[in-house]
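Participant: Each protein sequence line maps, in turn, to chains A and B. Be aware that the first sequence starts at 11, since it is given in this note's numbering, and climbs by one per residue. Be aware that the second sequence starts at 14, since it is given in this note's numbering, and climbs by one per residue.
No lab work stands behind these hints, which were simulated from the structure alone. Quick caveat: nothing in here was measured; it's all calculated off a predicted structure. Mixed in with the good hints there might be a few duds.
As the list claims (entries may be wrong) - Covered by chain B, according to a simulated footprint, are these stretches of chain A (three or more residues, beta-carbon under 8 angstroms):
hint: 1; region: 162-172
hint: 2; region: 197-206
Claimed, not checked - Listed next, the in silico BS3-like pairs over lysine-lysine satisfying Cα-Cα at most 25 angstroms (straight line):
hint: 3; chain 1: B; residue 1: K394; chain 2: B; residue 2: K314
hint: 4; chain 1: B; residue 1: K65; chain 2: A; residue 2: K180
hint: 5; chain 1: B; residue 1: K636; chain 2: B; residue 2: K690
hint: 6; chain 1: B; residue 1: K559; chain 2: B; residue 2: K588
hint: 7; chain 1: A; residue 1: K188; chain 2: B; residue 2: K65
hint: 8; chain 1: B; residue 1: K443; chain 2: B; residue 2: K318
hint: 9; chain 1: B; residue 1: K205; chain 2: B; residue 2: K635
hint: 10; chain 1: A; residue 1: K145; chain 2: B; residue 2: K66
hint: 11; chain 1: B; residue 1: K631; chain 2: A; residue 2: K188
hint: 12; chain 1: A; residue 1: K145; chain 2: B; residue 2: K65
hint: 13; chain 1: A; residue 1: K188; chain 2: B; residue 2: K636
hint: 14; chain 1: B; residue 1: K412; chain 2: B; residue 2: K319
hint: 15; chain 1: B; residue 1: K635; chain 2: A; residue 2: K188
hint: 16; chain 1: B; residue 1: K631; chain 2: B; residue 2: K759
hint: 17; chain 1: B; residue 1: K443; chain 2: B; residue 2: K764
hint: 18; chain 1: B; residue 1: K690; chain 2: B; residue 2: K297
hint: 19; chain 1: B; residue 1: K434; chain 2: B; residue 2: K635
hint: 20; chain 1: B; residue 1: K191; chain 2: B; residue 2: K412
hint: 21; chain 1: B; residue 1: K329; chain 2: B; residue 2: K412
hint: 22; chain 1: B; residue 1: K66; chain 2: A; residue 2: K73
hint: 23; chain 1: B; residue 1: K554; chain 2: B; residue 2: K578
hint: 24; chain 1: B; residue 1: K690; chain 2: A; residue 2: K188
hint: 25; chain 1: A; residue 1: K73; chain 2: B; residue 2: K65
Note that beta-carbon positions come from the ideal geometry of N, C-alpha and C, so glycine has one too.
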Amino acid sequence: MENTRKKKKPVTRRAFLQSLGGGAVGVSVASRVLGAEPPLFQSGPGEMELFAKKKIQMTINGKRIRLEAEAGETLLSVLRDRLRLTGTKRTCNRGECGGCTVLLDGKAVYACHIFALQADGADILTVEGLTGGEKLHPVQQAFIDKDGYQCGFCTPGFIMSSVALLNKNKQPSLDEIKAGLAGNLCRCGNYQKIYEAVAAAAESVRRG
Amino acid sequence: MKKDQAIEDAHLEYMELAQNPGSPAAAAKPQPQPKPGEFKHIGQDTPRVDGKKIVTGAAAFTHDLYFDGMLNAKILRSPHASADVVSIDLGPALNYPGVMAALKLKEGRVKWAGEQIAAVAALDEKTAEEALALIKVEYKVLPHVVSEEKAMEQGAPPVQDQGNVQKLNEYNRGDIEKGFKEADLVFEQTYKTSWEVHQTAETHSSLAKWDGDNLTVWDSTQAVQSVRDGLARSLNIPAGRVKVIKHYMGGGFGSKLSLNDYTVVAARLARETGRPVKVVLTRKENSYCVGYRPSARMTIKAGVKKDGTLTAIHWKNYVCGGIGRGDRCAEPATDVYKCPNVKVEEYSVFVNTCGSRATRAPGHTQGTFGLEGFMEELAAKLDLDPLELRLKNYSAKDKGDTGTIYSTKGLDQCYKLGAEKIGWARRNKKPGAGSGKIRTGIGLASQIWPGAGVPGTLADLKIYADGSIEVECGTQDIGCGTRTHIAVVAAETLGLEPRDISVKIGNSDYPWAPISGGSLTTPSVAPAVRDAALKAAEYLKGLASKKLNVAPAEIALENNKLVVKADPAKAVEIKELARSLPRPIVFHGERSAHPSTYVFQTFGAHFAEVEVDTETGKIRVKKVVAAHDIGRVINRLTAESQVLGGITQGLSAALFEEKLMDPETGTMVNPNLHDYKIATSLDIPEIVPLFADVVDDRLNNLGAKGLGEPPRIPPSAAIANAVYNAIGVHVREIPMTPAKVLAALKRKEAKP
Numbered sequence: 011m012e013n014t015r016k017k018k019k020p021v022t023r024r025a026f027l028q029s030l031g032g033g034a035v036g037v038s039v040a041s042r043v044l045g046a047e048p049p050l051f052q053s054g055p056g057e058m059e060l061f062a063k064k065k066i067q068m069t070i071n072g073k074r075i076r077l078e079a080e081a082g083e084t085l086l087s088v089l090r091d092r093l094r095l096t097g098t099k100r101t102c103n104r105g106e107c108g109g110c111t112v113l114l115d116g117k118a119v120y121a122c123h124i125f126a127l128q129a130d131g132a133d134i135l136t137v138e139g140l141t142g143g144e145k146l147h148p149v150q151q152a153f154i155d156k157d158g159y160q161c162g163f164c165t166p167g168f169i170m171s172s173v174a175l176l177n178k179n180k181q182p183s184l185d186e187i188k189a190g191l192a193g194n195l196c197r198c199g200n201y202q203k204i205y206e207a208v209a210a211a212a213e214s215v216r217r218g
Numbered sequence: 014m015k016k017d018q019a020i021e022d023a024h025l026e027y028m029e030l031a032q033n034p035g036s037p038a039a040a041a042k043p044q045p046q047p048k049p050g051e052f053k054h055i056g057q058d059t060p061r062v063d064g065k066k067i068v069t070g071a072a073a074f075t076h077d078l079y080f081d082g083m084l085n086a087k088i089l090r091s092p093h094a095s096a097d098v099v100s101i102d103l104g105p106a107l108n109y110p111g112v113m114a115a116l117k118l119k120e121g122r123v124k125w126a127g128e129q130i131a132a133v134a135a136l137d138e139k140t141a142e143e144a145l146a147l148i149k150v151e152y153k154v155l156p157h158v159v160s161e162e163k164a165m166e167q168g169a170p171p172v173q174d175q176g177n178v179q180k181l182n183e184y185n186r187g188d189i190e191k192g193f194k195e196a197d198l199v200f201e202q203t204y205k206t207s208w209e210v211h212q213t214a215e216t217h218s219s220l221a222k223w224d225g226d227n228l229t230v231w232d233s234t235q236a237v238q239s240v241r242d243g244l245a246r247s248l249n250i251p252a253g254r255v256k257v258i259k260h261y262m263g264g265g266f267g268s269k270l271s272l273n274d275y276t277v278v279a280a281r282l283a284r285e286t287g288r289p290v291k292v293v294l295t296r297k298e299n300s301y302c303v304g305y306r307p308s309a310r311m312t313i314k315a316g317v318k319k320d321g322t323l324t325a326i327h328w329k330n331y332v333c334g335g336i337g338r339g340d341r342c343a344e345p346a347t348d349v350y351k352c353p354n355v356k357v358e359e360y361s362v363f364v365n366t367c368g369s370r371a372t373r374a375p376g377h378t379q380g381t382f383g384l385e386g387f388m389e390e391l392a393a394k395l396d397l398d399p400l401e402l403r404l405k406n407y408s409a410k411d412k413g414d415t416g417t418i419y420s421t422k423g424l425d426q427c428y429k430l431g432a433e434k435i436g437w438a439r440r441n442k443k444p445g446a447g448s449g450k451i452r453t454g455i456g457l458a459s460q461i462w463p464g465a466g467v468p469g470t471l472a473d474l475k476i477y478a479d480g481s482i483e484v485e486c487g488t489q490d491i492g493c494g495t496r497t498h499i500a501v502v503a504a505e506t507l508g509l510e511p512r513d514i515s516v517k518i519g520n521s522d523y524p525w526a527p528i529s530g531g532s533l534t535t536p537s538v539a540p541a542v543r544d545a546a547l548k549a550a551e552y553l554k555g556l557a558s559k560k561l562n563v564a565p566a567e568i569a570l571e572n573n574k575l576v577v578k579a580d581p582a583k584a585v586e587i588k589e590l591a592r593s594l595p596r597p598i599v600f601h602g603e604r605s606a607h608p609s610t611y612v613f614q615t616f617g618a619h620f621a622e623v624e625v626d627t628e629t630g631k632i633r634v635k636k637v638v639a640a641h642d643i644g645r646v647i648n649r650l651t652a653e654s655q656v657l658g659g660i661t662q663g664l665s666a667a668l669f670e671e672k673l674m675d676p677e678t679g680t681m682v683n684p685n686l687h688d689y690k691i692a693t694s695l696d697i698p699e700i701v702p703l704f705a706d707v708v709d710d711r712l713n714n715l716g717a718k719g720l721g722e723p724p725r726i727p728p729s730a731a732i733a734n735a736v737y738n739a740i741g742v743h744v745r746e747i748p749m750t751p752a753k754v755l756a757a758l759k760r761k762e763a764k765p
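Based on the provided sequences and hints, a complete structural model is requested.
Facilitator: Have a look at this one:
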C-alpha cells in the first residue's frame, strides 16, 4: 500500500511549490500523499517549515475569512469547493480561458492560477460580491441589456475582467475593450455584444 | 460498442429530426397567423428574462451543484489507441482511503485512446484522481492508425471489421456523363476541412442521485428527454423512474445531444454507494473524449456552360470521423443550385480516435466550404461575377430545382441585402488584382439548412387562481434564450409582458419537446406555446364575455386586461377573472404538422471582407455581413447573438482550429485551450446581422424557423473566398494557417 502510494502525485507541483516557498515561507507539502515521503532538504542557513497546511486569511466579498489551506490548493478551489461561490467557473483550470477571473486587490486574475497560499492577506472580489442587494453593477446591467452572453458560463469571468478594465480606464476605445478582454474566451462567440455591453457600462458609469 | 451505437443513433436522430418530413393531411389545416403590426414583443428586442441570474453568478450549471454527502467520480481512460484489455485490478484503488466505490468499464478491444476503462467514486476529486493511478490494467497493445491517409493504405491496421473505408452515402439524379458533354467547361478541384472540437465552456458533467428506485440526473445536456430514455435503457429501469434536469448548460454545439457514457457511470456509482455522485470531465477529457466535427476531403467536378449554367456535378468525398461514420456532406451540392445531373459518392474512413459527433450544422459546414469555394473558382474561370453565377443557378425547388417547391425562399433577398451592405462592387473584379504587401478582398457564400421544427412538440400553459401564468415545456435552453422566447410568445398572445410569464423548462417530466439541436428548438417550441396561449386566450375571453356582456370576439387581451375593443373603458383584469377559477386551468399546446407538399428550409448568405499580409500569410477578417431568411424572428436581440456566434465559430474554424494527433502514440497532442486555438476577442471582425422579410404561413402558427445552424454554415467558405479575392489563389484547406497561405502564394508564383 505504501509503495503504491509513493509512486504517485506529480513531483512537478512539489518542485514548483518549493521554488515558490523559498526561504522564510518554507515548503508546505500536500499531506496525504506526500506525507510518507522523506523531506527534501538542502544544507545551509535559513529556515524551513514542513506544514501540510497553513493558516491564512483573506477578505472575500467584504467578509474576512480565516482558513487552513493545503499547499496545492488553488484560490479557485477555495472559492468553489469550500465556499460554494460557484459564480467563478472552473473552465480550463490551467490559465487559458479566463472563466475563473476574480479581482485580487483590484486586479483581474485567474483564480485557477493562484494558490490559496499566495492569496494570504489579499482582498478578493467575485461576481457574487459585485451586487449590493437588488441593484446590479452597471456592467452586469449592460450585459443584460445588450445580450452580452449566450450560454452564460463565461459571463462572470467576462464581467470581472470588464469591471477591472473600467476601474482602470473610464472610457475605453473599442480596441482597448478588445485588449482588456483578450484573456477571456467566449466559445458561443458573442464578443461583439460583449464589447457593446462594456461600452454601454462605461457610458452609464460616466453619466452616473 | 453499445456506446458507439448510441452516439450513432443520436446522430441519426439529429439529422432525421432536422429534416423531418411534413404530413399530407396538414395542408388542409390553416395556420392562424398574427398580422404584422399586431406585435408588441415578437420580433422586437427582448432582453433575456433570466439575465439577472446569469450576470450575478446565480445561474446553476451542473458544475455548480454540490449536494450533501456527494461523491466525485473520475474515469480511467485507455492510454492506447488500439489494445485488448487483458485484466483490470481495482483492489488497490478500492483500498485507498476516501474511495467509496470503483467500477470496471471495459472488456475486450479498445479502439481509441481515451476509451473508458474504469471509474472510482471518492470523497473528493483529488482523492478520486489519485486512486485512478492505483488501478492496475494489463493491456495487449495492438497497432493503431490515426491518419486518414495511412488508414487507406494497403495493410493498414484494421479499425473496423469491415475495413477502413466504407460507403457512407450515394445519390444520383439525371446523367452526369450527359451533363459533362453538354458543358463548355469541365472543372475539378479538391477541398479539405479539419477536425474541429466543440470545446464547450462547461466541460461535460452529470450528477446522479437515487431516491429508492427513482433516479434523478442533473446533466449538462442538450436533450433532457433523450438522456432520460437512454438512462432507462442502459440501466434497464422504467423510463418513468428517471428524471433528467438541466437548469443551465455551458455550451453543447452538438456534443451533448444524447446520453453520455460517463453519465451512466455516475448513475451506477450513485446506486452502489447510496450517495449522490458527480462527474466533471477535465478540459483535457473534454478535448479528446467527447467528439469533434469529422473532416471532409471533397473532390468536386462540375460541368458548366459559358453563361454559368451548371450541367453536371460529381461530388466525391472522404469523411473521417475516427471510429464513427462521420457526416454526409453532399446536401449543399445536391440542393443549393439548379443542376439536373448530380452524382454523389461519400465514404467513411475509419481511424483509431474518438468517434465524431454532430457539430453545429453537421455536414453542411464541410459541404458548403467545398461547394462554395468551388463556385468561387468556377466564377473566376468563366470571368463571371461570383454573385451572378449563383443567381444564374438559383432554384425554386429542392434537389437542385428537380424536387418539391420551397414554401418560401428568401435567399435572393439575402443576396441583395448582404451585397448592398458589404459594398459588393468594391471587390477585386479579378481575384488578386490589388498590389502591395497587404491585400484586401471580398467573398460570399450561401447556405441552406432545414430548421423547420418538429410536429408533436408539446407545451402546457397554466393559469393559477391568483392570475399568475406559467408555461411548462420539456425543452432546454442551451444558450439561445429559449426561456425568453417562450415568455415572449406567451406574453404576446395574452397581452402580458414577458417578465409576467414564469417559464419552467429543462426537466424531462415536462411535456415532450425535441433535442435542442438541428435548429429545432424555436420552430418546435414557440408554436406549441402559441397554441396553448391561444387556447387560454379563448378561455379567458369566454369568461370575460359574461362579465362584460359582449361576445368573445369583441374582446382583446392587452396590458394584463381583457378589453372591449369598441369601448376600451370596459375591461376586466386577468387577475380578477382568475379569482373565479375553481382550480388552476391547464391548456395543452401542440406544434401541429406542416404540409408535405412543400419543402421548408432556412436560407442565408454571408459576405466577408479580409486583409491578407502576403509576407506573413496572416489573415485578418475585417467585416462579415450575414443575411438570413429564417421566417419570422421571435426575438431580434437573441437572434443577432446566434448570428454573431455562428460567424465567430466559423471564423475560428477557418483560421485556427484543428485537432492534431500524434501518429506514434495515437493520442491528441493539443487537448487544451492553449494549443487548440479558438478565436479570441482580438480576432473578431465587425459583424452585421440582417434578416430577410419573409414569413412562412404554411409552416406553423408563427412562421418561425430555426437559427442555430444557419449562421455557422457559410462563414468559413465566405472568408476563404474573400482570401481568394484578395490574393488570387485559393486556399482550399481549413484552417487557413499562415503557412498554408504562404504555400498558396508560392503555388501562384510557380504558375506561368
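Participant: Among all the numbered hints in the text so far, which are the ones the structure does not match?
Facilitator: No numbers; nothing is violated.
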